[in-house]
Amino acid sequence: MSPREKMSLRTGAFSSAASIITSEETAPILRKITDLLLRSGGVGYLNLKRQLHKGCDDDKRSKLKKRINPVTFKSILVECGVLLTPAEYGHLRVAFSDEGGLLFEDFLNHVCPLRYVGEDCVIKLMGMFSDYNSQPTVPLNVLLHSLEDALVTKGDTSQVGESPIITSALLEIKIAFDKINYPMGYVPARD
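FYI, the numbering for the sequence shown is 54 to 244, going by my numbering.
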């Protein structure tokens with residue numbers, strides 16, 4: 054890529070050829086990040102998402118695009134167990150930065166594990182909700198109690214602390230469906 058193309062990418066003036074080149078360069082990096090995050094289960098992605106929201110630059114001028122300082126972004130990735138080479142960080146900065154910082158919501162959309170789930174799996178998951186189209190949200194407290202009841206029956210409460218699988222699943226549920234992620238108290242059915 055020529056220096057002129059790189060400069061146009063940094064200033065946000067994407068040409069179609071430059072954006073194709075950038076997406077081809079970053080695709081394996083994004084897949085690597087997703088794989089590293091999923092090593093700890095769904096908690097890895099959710100932890101990254103939470104940390105990026107905490108490190109977000111509070112820019113009153115732009116409520117549509119949330120940005121993060123690239124140095125903070127790099128340190129958050131390291132905290133989440135994602136170690137990349139300087140060249141890989143450079144490709145991510147070129148792909149997801151503008152003059153105000155790194156657009157982390159665009160980045161999160163590209164590393165979301167649901168991108169790699171087939172359409173048939175998404176349809177099956179949506180089919181599990183009988184009223185998906187008519188009632189797209191579920192109250193957070195109802196969902197939490199239902200999931201906890203599904204994992205722990207009333208008679209097995211003495212064994213809950215003894216089973217690391219159940220304990221881990223309960224922890225993931227509490228982290229995934231935290232009030233920080235759903236401040237209105239309702240969870241979209243697709244989640």
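Be a bit skeptical, because a hint or two may be false.
To be verified - Subject to a maximum C-alpha distance of 27 Å in a straight line, what follows is the list of computed BS3-like cross-link-like pairs (lysine-lysine):
1. 107 with 119
2. 118 with 85
3. 107 with 227
4. 102 with 227
5. 232 with 119
6. 102 with 119
7. 102 with 118
8. 85 with 119
9. 107 with 118
10. 102 with 232
11. 232 with 127
12. 107 with 127
13. 107 with 232
14. 107 with 85
15. 227 with 119
16. 85 with 102
17. 85 with 127
18. 118 with 232
19. 102 with 127
Just so you know, these hints were derived from the structure itself, not from any lab.
> Which numbered hints turn out to be false for this structure?
Replying inline: none
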